[in-house]
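Novice: Residue strings, one per chain:
2 protein chains.
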Amino acid sequence: MKKIGAQTCAFSHPPVITFTASVAGKKEGAGPLGRWMDWIDPTDKMNQESWEKAESAMAQKAVGLLLEKAKKRAEDVDYLLGGDLLNQCSATVFGVREFAIPFFGLFGACSTFGEALSLGAMLLDGGFGKRVICCAGSHFCAAEKQFRFPLGMGTQRPPSATWTVTGNGAALLETEGEGPRITHVTTGKIVDYGITDAANMGAAMAPAAADVILAHFRETGRTFADYTWVATGDLGIVGKQLLCQLLEEGGITPGEHLTDCGLELFDHAAQDTHAGGSGCACAAITYCSYFHRKLAKGRGRLLLVPTGALMNTTTSQQGLTIPGIAHAICIEGVKPWSM
Amino acid sequence: MKKIGAQTCAFSHPPVITFTASVAGKKEGAGPLGRWMDWIDPTDKMNQESWEKAESAMAQKAVGLLLEKAKKRAEDVDYLLGGDLLNQCSATVFGVREFAIPFFGLFGACSTFGEALSLGAMLLDGGFGKRVICCAGSHFCAAEKQFRFPLGMGTQRPPSATWTVTGNGAALLETEGEGPRITHVTTGKIVDYGITDAANMGAAMAPAAADVILAHFRETGRTFADYTWVATGDLGIVGKQLLCQLLEEGGITPGEHLTDCGLELFDHAAQDTHAGGSGCACAAITYCSYFHRKLAKGRGRLLLVPTGALMNTTTSQQGLTIPGIAHAICIEGVKPWSM
Numbered sequence: 001m002k003k004i005g006a007q008t009c010a011f012s013h014p015p016v017i018t019f020t021a022s023v024a025g026k027k028e029g030a031g032p033l034g035r036w037m038d039w040i041d042p043t044d045k046m047n048q049e050s051w052e053k054a055e056s057a058m059a060q061k062a063v064g065l066l067l068e069k070a071k072k073r074a075e076d077v078d079y080l081l082g083g084d085l086l087n088q089c090s091a092t093v094f095g096v097r098e099f100a101i102p103f104f105g106l107f108g109a110c111s112t113f114g115e116a117l118s119l120g121a122m123l124l125d126g127g128f129g130k131r132v133i134c135c136a137g138s139h140f141c142a143a144e145k146q147f148r149f150p151l152g153m154g155t156q157r158p159p160s161a162t163w164t165v166t167g168n169g170a171a172l173l174e175t176e177g178e179g180p181r182i183t184h185v186t187t188g189k190i191v192d193y194g195i196t197d198a199a200n201m202g203a204a205m206a207p208a209a210a211d212v213i214l215a216h217f218r219e220t221g222r223t224f225a226d227y228t229w230v231a232t233g234d235l236g237i238v239g240k241q242l243l244c245q246l247l248e249e250g251g252i253t254p255g256e257h258l259t260d261c262g263l264e265l266f267d268h269a270a271q272d273t274h275a276g277g278s279g280c281a282c283a284a285i286t287y288c289s290y291f292h293r294k295l296a297k298g299r300g301r302l303l304l305v306p307t308g309a310l311m312n313t314t315t316s317q318q319g320l321t322i323p324g325i326a327h328a329i330c331i332e333g334v335k336p337w338s339m
Numbered sequence: 001m002k003k004i005g006a007q008t009c010a011f012s013h014p015p016v017i018t019f020t021a022s023v024a025g026k027k028e029g030a031g032p033l034g035r036w037m038d039w040i041d042p043t044d045k046m047n048q049e050s051w052e053k054a055e056s057a058m059a060q061k062a063v064g065l066l067l068e069k070a071k072k073r074a075e076d077v078d079y080l081l082g083g084d085l086l087n088q089c090s091a092t093v094f095g096v097r098e099f100a101i102p103f104f105g106l107f108g109a110c111s112t113f114g115e116a117l118s119l120g121a122m123l124l125d126g127g128f129g130k131r132v133i134c135c136a137g138s139h140f141c142a143a144e145k146q147f148r149f150p151l152g153m154g155t156q157r158p159p160s161a162t163w164t165v166t167g168n169g170a171a172l173l174e175t176e177g178e179g180p181r182i183t184h185v186t187t188g189k190i191v192d193y194g195i196t197d198a199a200n201m202g203a204a205m206a207p208a209a210a211d212v213i214l215a216h217f218r219e220t221g222r223t224f225a226d227y228t229w230v231a232t233g234d235l236g237i238v239g240k241q242l243l244c245q246l247l248e249e250g251g252i253t254p255g256e257h258l259t260d261c262g263l264e265l266f267d268h269a270a271q272d273t274h275a276g277g278s279g280c281a282c283a284a285i286t287y288c289s290y291f292h293r294k295l296a297k298g299r300g301r302l303l304l305v306p307t308g309a310l311m312n313t314t315t316s317q318q319g320l321t322i323p324g325i326a327h328a329i330c331i332e333g334v335k336p337w338s339m
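Line by line, the protein sequences are chains U and H. First residue of the first sequence: 1, per my numbering; consecutive thereafter. First residue of the second sequence: 1, per my numbering; consecutive thereafter.
Extracted from the complex, chain U is given alone in its bound form:
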């Protein structure tokens, strides 16, 4: 039994994240993490005729780049796990189909990269393969069109609104090799605090992030002091404030190393992203660029907590609340960790 608590598993053979690939849009490329990205498309269109096709092309590019960097063929990979925000996960399906890797489609909204890393690591540690690809992506224009308003309308966004990240992040997990290792995963529950404002996803997701971080600390006996970074997925400014409040209520003082991928990825004042970045790509490309390079070079321990808001346009139109979910993944740098 590898479970050390109701929600947490500790791996006997921690899977290695040997390679990552990050594909980013123009705005993401111009942000503070731009220089860490593998590929930046200055048009966001990937030479495609629709935003949805561009989003698929980014998934294809990320997985293709990943195989290239790892010098592996698609046949060398046991499973591909991934998803996105488009209805019926179509960006991922159409992006990765040509690789013909046994496929598990996932939906965890913007927590999908965390879900993929969790299940991918469990499959490898469980002995079901040697190599899995985990990927997740989103596209600002495709998401606005599907979830909100056509861009051409120029609808004004409230300050609590986040900015869906354009890009795709793919990670190769292997049983052997060099790189940061996934040592623990804490799987989240659906948490619903009754938020109904679809322009305030941070508030909808913060309770799920607090819940899974508190579960992780409780079940591992760790605290913020045991991590170089605790990075939520896409809470943004509003959600991060709420998370801090909820952690305090849970008896934990948030450490200074608590951050949010949506706040790292953009210079939100200069780039006008309101509350910060969001979307499946937010945690995925932040990990696959910045955090991965840091952890692959040395010391460090990251608790990556991708966060998702589990709603659709129909549930909002029918007046339902927005449940959240988050998964916590502990990733250790290549050198032994110490504060």
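A few of these clues could be false.
To be verified - Quick list of in silico lysine to aspartate or glutamate cross-link-like pairs, EDC-like style, CA-CA up to 20 Å:
1. H:Lys-2 to U:Asp-76
2. H:Lys-145 to H:Asp-197
3. H:Lys-3 to U:Glu-75
Because the hints were derived from the structure by calculation, they are not lab data. All figures in this text were calculated on a predicted structure; none of them were measured in a lab.
Here the structure of chain U is known, so what remains is to put chain H in place on it, guided by the hints.
Specialist: Structure of chain H alone, referenced to chain U:
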């Protein structure tokens, strides 16, 4: 390593399907398998004010019934894996949130029940828990509204069209206990034969079903003679004919035990379901009612092959083809198998 081929795993400790729960709509209840269902809603509405809410209520009912039958509390379950056809898997999210079980949302279109059984069995055999719930559902009215035309329009359906099954099937997998066992899973690839007719899902999915069945036979050394039933998810009449042709081309003569859940669930001539049943609930409630009871009582070996068509309305409007996927799950009856 539990992999015996590029796509197939054989379990060292085959997980047991100890209990199942099947919730069905009126038409499904009136069909040939109606007497095997646990709960039939004669209104299809579950006392809800929308079809989407009714679909969620069916997921809630199925998981609730399952826990009741198993005499377990939600806290006794390590993970819940499930999904549905609604955008962003909302039926499952809103249906299961109250149970607060660590959750992995899945999207494999109508193959979702197979994806859930595959990953659920891998998590248990991998040592990550003692008990998982796998569930999948769909609703005719919610699916027609989302994917095709509002029902009130009375749009005529071509003979190749299938009928989305209303219901939800949930299965409890445990490491210990009595019941049919999952011995092997063969994970499918995305297969695209270039079908573009959204009213002919059977044709879009048949190549994926053939691909995974041929892979399963190749990697296990088995044939149709080794199975009491090989049951695809929802190919219907048109898709089943194509599957037989593709299997012949692959050098395998389809046995008389090849069937399709979509053909078992309805009396398609009398019930006017055109090519047969479809939807995530199709394989899920057919297994959770009929096949499970048969296997729980005695001899038998089932290869369950839930099939999914991976499209959405936007991909169809943009002229894209309909890729398919299918997963094969081998489930053994409680008594040792022989022909």
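Novice: If a hint holds in the structure, say so; if it does not, say that too.
Specialist: For each hint, the structure was consulted:
no.	hint	in the structure
1	H:Lys-2 to U:Asp-76	holds (16 Å)
2	H:Lys-145 to H:Asp-197	holds (18 Å)
3	H:Lys-3 to U:Glu-75	holds (14 Å)
Of the numbered hints listed earlier, not one is contradicted by the structure.
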